[in-house]
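One line per chain: the protein sequences are A and B, in this order. Counting from 1, position 90 in the first sequence corresponds to residue 987 in our numbering; the numbering is continuous, with no gaps. Counting from 1, position 99 in the second sequence corresponds to residue 325 in our numbering; the numbering is continuous, with no gaps.
Don't take every hint at face value.
[As the list claims (entries may be wrong)] Covered by chain A, according to a simulated footprint, are these stretches of chain B (three or more residues, beta-carbon under 8 Å):
(1) 249-261
(2) 289-299
[Unchecked claim] Cross-link-like lysine to any residue pairs, in silico, SDA-like; alpha carbons within 25 Å at most:
(3) Lys-1005/A to Ser-299/B
(4) Lys-1008/A to Lys-243/B
(5) Lys-1005/A to Gln-267/B
(6) Lys-966/A to Leu-272/B
(7) Lys-1008/A to Asp-244/B
(8) Lys-237/B to Lys-966/A
[As the list claims (entries may be wrong)] Example chain B residues on the side facing chain A (calculated, C-beta under 10 Å, incomplete):
(9) Val-230
(10) Phe-335
(11) Phe-336
(12) Arg-341
Source of the hints: derived by calculation from the structure; they are not laboratory data. Where is the CB? At the ideal position from N, CA and C, for every residue including glycine.
Chain by chain, the residues run as shown.
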Amino acid sequence: AQSVTQLGSHVSVSEGALVLLRCNYSSSVPPYLFWYVQYPNQGLQLLLKYTTGATLVKGINGFEAEFKKSETSFHLTKPSAHMSDAAEYFCAVSEQYGGSQGNLIFGKGTKLSVKP
Amino acid sequence: GAGVSQSPSNKVTEKGKDVELRCDPISGHTALYWYRQSLGQGLEFLIYFQGNSAPDKSGLPSDRFSAERTGGSVSTLTIQRTQQEDSAVYLCASSSSRTGGFSSYNEQFFGPGTRLTVL
Chain A
898 AQSVTQLGSH
908 VSVSEGALVL
918 LRCNYSSSVP
928 PYLFWYVQYP
938 NQGLQLLLKY
948 TTGATLVKGI
958 NGFEAEFKKS
968 ETSFHLTKPS
978 AHMSDAAEYF
988 CAVSEQYGGS
998 QGNLIFGKGT
1008 KLSVKP
Chain B
227 GAGVSQSPSN
237 KVTEKGKDVE
247 LRCDPISGHT
257 ALYWYRQSLG
267 QGLEFLIYFQ
277 GNSAPDKSGL
287 PSDRFSAERT
297 GGSVSTLTIQ
307 RTQQEDSAVY
317 LCASSSSRTG
327 GFSSYNEQFF
337 GPGTRLTVL
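Chain B on its own, in the form it takes in the complex (with noise of 0.2 Å):
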């Protein structure tokens, strides 16, 4: 399997609980891209690592959101006090390098998601 990877599949989580979402990018692949997908907000970008390093994170929703990579590889999402609005499907995407810029497009690659629902 040498596509995108994400852990779990489905999450189902008590209110104020802590989740940690997994994404397994392509290997090689030194961008890693985290987004939302909501019935209410559409496909939102949440933050961009470059190597091990996420120079913005504005894009994340609140300060209970995090993000962490390791290794220049696997990284995770980490919801603290989850709340019911954070019920989505959260998507990881990989690509060779960053997608836009003066560099030459690479093309991002996407997992199948995890869903998260928050009861």
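Same shape as in the complex, but just chain A (with noise of 0.2 Å):
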């Protein structure tokens, strides 16, 4: 079964420092690739997302990520944080073939920290 692994539940930057957050899927067929960020009590709102194309993709509030097919990657990166990046983000797949409910897989989350 699909299954998606990001390391590191917490990470702490301080603010103007590069953020990494990354993610790992397990498919040998290349699924739909999302990073979604969840916000205190609130629902999750996509961040960036990789169908086709140009693997390197640009999201919202300044983040990108790269689909790397030979790692099976898909990390997040900002070059510098911000106090209003500290939520919790999530990386999820979407599988590719016809039968495909197109459900999301998720990862178990990585919340982020930014120091002052």
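Since each chain sits alone in its own frame, please combine them into the complex, following the hints.
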């Protein structure tokens, strides 16, 4: 079965520092790939997605992620953290085949803290 | 408000009682998904509707859980004889069609969730 692994349940960075949140997936067939953000007591918001085409994808709030098929990875980065980036981040996949229901399979999440 | 709405936002119930959770998808969205977010299990997929039909109910955690969708719009998730382990945030998402498959990607838009607490 498809699975998603996020390394590090908690990541802490200083304001202005690089943010790197790691995500690996298990499928041998590249799925659709997503990063979602969840602020406290709120729903999930899509940050960015990879479906086809360019492997470096840019999302909202200055985040980007690179799909690396050889590494089965889709790590999320942001060059300079801002206090408002403090939230929980979820990597997710959706399988690409005709019978797929299209449901998302999520990683366990990484809680990002940003220190002033 | 054009987003996905869910009600109630919070629900506290006693063990053994039945609860109904409601999801109003974005108008015109044919695909609807239910997920559960809990401390122990993270985010889990529960069930998917295409129109009023749920082709696969195997994601529901037990036979106490059921869901329906009427008129291709509103969906209700019902939990009978609630247990403490049912305590979680129940999230609903809708998309213009199913997200994966050979069709083009269709983003899932999430509602704010219903926080269920079973005492």
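Hint-by-hint comparison with the structure:
no.	hint	verdict
1	249-261	holds (count 3)
2	289-299	violated (count 0)
3	Lys-1005/A to Ser-299/B	30 Å, violated
4	Lys-1008/A to Lys-243/B	34 Å, violated
5	Lys-1005/A to Gln-267/B	8 Å, holds
6	Lys-966/A to Leu-272/B	28 Å, violated
7	Lys-1008/A to Asp-244/B	33 Å, violated
8	Lys-237/B to Lys-966/A	43 Å, violated
9	Val-230	8 Å, holds
10	Phe-335	8 Å, holds
11	Phe-336	4 Å, holds
12	Arg-341	8 Å, holds
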